[in-house]
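In order, the protein sequence lines correspond to chains A and B.
This note's numbering puts the first residue of the first sequence at 21, with every later residue one more than the last.
This note's numbering puts the first residue of the second sequence at 270, with every later residue one more than the last.
One thing to keep in mind: the hints can contain errors.
[Claimed, not checked] Straight-line C-alpha distance at most 25 Å; calculated SDA-like pairs for lysine to any residue:
(1) Lys357(A) with Gly336(B)
(2) Lys357(A) with Leu309(B)
(3) Lys127(A) with Ala182(A)
(4) Lys357(A) with Phe386(B)
(5) Lys357(A) with Asp421(B)
(6) Lys357(A) with Thr250(A)
(7) Lys357(A) with Ser405(A)
Quick caveat, the hints were computed from the structure, so don't treat them as lab data.
Computed from a prediction, not measured in an experiment: that's the story for all the values here.
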Amino acid sequence: MTIKMLCSAALAVSACFLLAACSDNDNDDTKCKGDETPTERLFLQQLSDTSVILKWRGEATAACIGTEQDKLKIFGEATETQSGDKEVLFTDLSPETAYWYSIGAAKTAPDDQSFVTSPEVGALPADGNTRVWLIGDSGTGGDDERESHEGEAAEVLAGMQAYIAKDGEPVDVFMMLGDNAYSVGSDFNYQQAVFETYPALLKALSVWPTIGNHEMGLGATIPVAGFSQTADPNSYVAVSGEAPSSMPYLDIFTLPTNGEAGGVPSGTEQYYSFDYGNVHFVSLDSQLTARDPDQLAAMKAWLIDDLSSNDSDWTIVIFHHPPYSKGANHDSDDTEKFGGFDMPQQWMREAFVPVFDNYGVDLVYNGHSHSYERSFYLTDLVGKSDTYSAARNAELVNGDPDRPASGRGEEAYQQLSPTSGGVDDRVVYTVAGNGGKADSSSSITDPAQWLRHVAMIEQPADTAVPKRRALAVIGSVLVDAGENRLVASFIDANGEVLDRFTINR
Amino acid sequence: MVGTRRPAGGVSLISRWALFWLALGLAAACLAHPGQHDQLTQINRQLRDAPTDQALLIQRGRVYSEGGQYEEAMADYVRARDMGPPVLVAFDLGVLYYRLADYARATDCMNRYLERFPNYPPAYDYLARIARDAGDYDRAIAYLEDYIRLQDRPSPGHYLSAARMLAETDRFTEALFMLDQGLATLGVIPQLQRYAISLELARQRPDLAIARLETLRQILRDSPQWQLDMAELLALAGRGEEAVAVAGAAQAGLAGLRPTPSRLALQQRAAELIEGLNQGAAMTTTID
Chain A
21 MTIKMLCSAA
31 LAVSACFLLA
41 ACSDNDNDDT
51 KCKGDETPTE
61 RLFLQQLSDT
71 SVILKWRGEA
81 TAACIGTEQD
91 KLKIFGEATE
101 TQSGDKEVLF
111 TDLSPETAYW
121 YSIGAAKTAP
131 DDQSFVTSPE
141 VGALPADGNT
151 RVWLIGDSGT
161 GGDDERESHE
171 GEAAEVLAGM
181 QAYIAKDGEP
191 VDVFMMLGDN
201 AYSVGSDFNY
211 QQAVFETYPA
221 LLKALSVWPT
231 IGNHEMGLGA
241 TIPVAGFSQT
251 ADPNSYVAVS
261 GEAPSSMPYL
271 DIFTLPTNGE
281 AGGVPSGTEQ
291 YYSFDYGNVH
301 FVSLDSQLTA
311 RDPDQLAAMK
321 AWLIDDLSSN
331 DSDWTIVIFH
341 HPPYSKGANH
351 DSDDTEKFGG
361 FDMPQQWMRE
371 AFVPVFDNYG
381 VDLVYNGHSH
391 SYERSFYLTD
401 LVGKSDTYSA
411 ARNAELVNGD
421 PDRPASGRGE
431 EAYQQLSPTS
441 GGVDDRVVYT
451 VAGNGGKADS
461 SSSITDPAQW
471 LRHVAMIEQP
481 ADTAVPKRRA
491 LAVIGSVLVD
501 AGENRLVASF
511 IDANGEVLDR
521 FTINR
Chain B
270 MVGTRRPAGG
280 VSLISRWALF
290 WLALGLAAAC
300 LAHPGQHDQL
310 TQINRQLRDA
320 PTDQALLIQR
330 GRVYSEGGQY
340 EEAMADYVRA
350 RDMGPPVLVA
360 FDLGVLYYRL
370 ADYARATDCM
380 NRYLERFPNY
390 PPAYDYLARI
400 ARDAGDYDRA
410 IAYLEDYIRL
420 QDRPSPGHYL
430 SAARMLAETD
440 RFTEALFMLD
450 QGLATLGVIP
460 QLQRYAISLE
470 LARQRPDLAI
480 ARLETLRQIL
490 RDSPQWQLDM
500 AELLALAGRG
510 EEAVAVAGAA
520 QAGLAGLRPT
530 PSRLALQQRA
540 AELIEGLNQG
550 AAMTTTID
C-alpha cells in the first residue's frame, strides 16, 4: 500500500504525495543485469493501458521489464511496503502491448513472467472481447479450511481453465468478491489461499478484490471469524485477546485511490474503480464503509460521480454482501440476526440499488452466500423479497407481466430495456460465493426458502426437486463483454456452463 | 498456461446541494443497531460461566449503552471496574457519560483512557464531540485533527464526519478547513469537494463554489453532470450567458449518450435551466 501514485499532471500538486514513491523507471538497459530472484509471492496490481505495479515478497530490490523476453530494458527500483513486500510502478507503457519482466532486474525474463497492458480506455480489445473472471468466497485453499474443503478452490480454477481451453479466449480481468482467504484474512491465510492457489494468474493479470467479512478477522462482541462489525480497518483482530491492528488486506494489495487505472479518484483503497477497454469496473466496500453512516454516504456520493463520468459500453460493480440472497447462512430478508452482522446486505440494497438503476450499471456481483444465484433483469427492487413483483421489477417477455425474461436464448436482455421504454435502468445481480465451497444444506436460513429468492431465476441445472432458483455447486463466473453483446456464464468445476444469459446493446 | 493472455427540478440551487447532503446525512443517521437481543443472549450465556469476566461485562455494558439502556450499562461498567484494571472500562464509561450529557465526567474518563492508550483514535473523536457540544469549537477542531492524524489510512468519511460536525454548528470556516486538509491529504476527490461546495453556497459564495467545482473538471471527465452543475453555479453567480453556454454543452453531450434515468433527468434540468435563464430567472431552476 505504500506506493500512491498521484502523478496526475493536471492536479494542483503536480507529483506525488501521501506515502508515495513515484515511478522512477530508467531506460538505461545496462541496469538490467541482475539475476532473476525467487519470490514467495508475485503479483500485478493496477494494470492499466499505460502502467503496472509489480509487487512481490522476496530479496530482490529491483525489477526490469521490456517487450522482448531476452532484452529487458526498463529498470525500476522497488519501494518497501509496511509489511516488507516490494513494489515497483512502471509507467509510460503502451496500450495492449505484451511486456516481459524480471524480479531481480535480469536482462532475460522467465517464461512465465509476462503481461499485456489494457486497451485504451473506451477502446475494444483487439480480439473484440473483454473476458472477466469472477470468484467469490474462494479463500478455502489454505490450512483453515483444508479439512472440509481441500482442493475445491483449485477445482474451480481448473474448471474455468478447462472451459477457456475449449474456446481459446484468455482472461483479461481477474476479480475477487471477498472472503478471499479463510478464515481471518491474515497474511498467512492470503499466502495459502491466494498466492499459492492462483500463482500463474497473478503473474499475468492484475487482481481486483473487494473486502469480505472474513477479511476483518474476528468479531469484537462475538469473537468468531467473519463476525466483525466495525467500520475501522485498524480494529482487525485475528486471535481473540490480541491487540487490534490494521487489516492485512490493505497491506497486501495496492489498490487505486487516485484514478490510476481509470475511474474517478476515491481517496481510499477500500473502494475504487478502474477501466479495462470498453468496460468500467467498480469495487465497493460493504464490510467496513457500509457500517459507518458518514462513510457510506461518502462512498455513495463518490459512486454517483464515478458513474456520471463513465460512458463505457458496460459497467460491472462488485461488493461482498448480496442485496438479494437466500443463501444457507445469509438471507437478505433476515439481516438482523447475530447482532446485525449481515445488515450490510440491507444497507447496500437500500442505498445503492437506486444508484445502480439510475446510473447505467449492468451487472452486480457479490459473494457471501456459498451458492450461485442470478437475478432477473431488475429495476427498483429496494425492499425485501416479499415486495418483488415481476410486473414491476423484472424485464418482461413481450410485456407479459406473468413472463419475466430469463436472459437466455430468445429472451436475451436489451441494455435499453423495452419494458422501461428504451431506457438503461436494469441490472442483473449475481451471487457467486461458491468459488471455494458450496453449502449443501441450509443452516440458518429457513430450509423452505433456502435458494428460493423470488427475484432469482430458476436454474434448470439444479438437481433438487422442485428445481431451485440457485445452484448449490462450486464454480465461478466468466463475463464476455464485446461491443454490442455481453454474455455471462456460470462455469462449474468440470468446465461446463450451467447458467448463461446475454445482454445486447 | 491456460487462462491469461500471452505475448502476442423546482428547488433552488442552494437548496438542491444542501438537500442532497442533508438527505445523505439523514439516510445515514436512520441506520439502527439491530440484534441487541441476540447479543445479550450470547453474552449472558458466557457470563453464567464466567461472572467476573471484565471483558464480558464491558461487552454487555456496551450493548446496553448502544441500546439506550443506560442504567443497566452503568451497572455493568461499575462492576467491571472492580473485576480488572479500571482504566480498561474508562473509554466505554466515557461514552456512556457523553450519552448522558455529563461532559465533565465523560472528558475525565476519556483522558484517563488516553493516559494509558494515547493513540486510540475513538477517544479523540468523543473528546471532539464533547468539546463541540460544550461550545468549545477550537478544542473540538484540535481533537478532530488528533483523531485524523492517528488514522493509519484516513478515509474520506473521516474528514466528512469531522466537517459535518463543525458545519452543524455553523462553523463553516473550520469545516472548510477540515475538508481542505482532507483534499490535501487524499487528493482532489469529489466526496469532499462537493461537500465543500455546498458549504460555500451556504455561505452565499458561489464564486468560490465555482472555483472548487473547477478542480473536479478533469477527474469527472468534463461530464454532462459536471457541466450542468457548473452551469447552475454560474447562473447563481449571475453569469447567465456562460451558464447557458455550459448547459448547452451538457445537452449536446447527453444527446450522444445512451439514456439512463439520471441522464434523462439531467436533460430536463438543462432544458429548464436554459429556459429559465432566457426568461431572466437566473437564480432558481427546476431540478430533479
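Hint by hint, here is what the structure shows:
{"no.": "1", "hint": "Lys357(A) with Gly336(B)", "verdict": "holds (16 Å)"}
{"no.": "2", "hint": "Lys357(A) with Leu309(B)", "verdict": "holds (12 Å)"}
{"no.": "3", "hint": "Lys127(A) with Ala182(A)", "verdict": "violated (34 Å)"}
{"no.": "4", "hint": "Lys357(A) with Phe386(B)", "verdict": "violated (33 Å)"}
{"no.": "5", "hint": "Lys357(A) with Asp421(B)", "verdict": "violated (31 Å)"}
{"no.": "6", "hint": "Lys357(A) with Thr250(A)", "verdict": "holds (16 Å)"}
{"no.": "7", "hint": "Lys357(A) with Ser405(A)", "verdict": "holds (17 Å)"}
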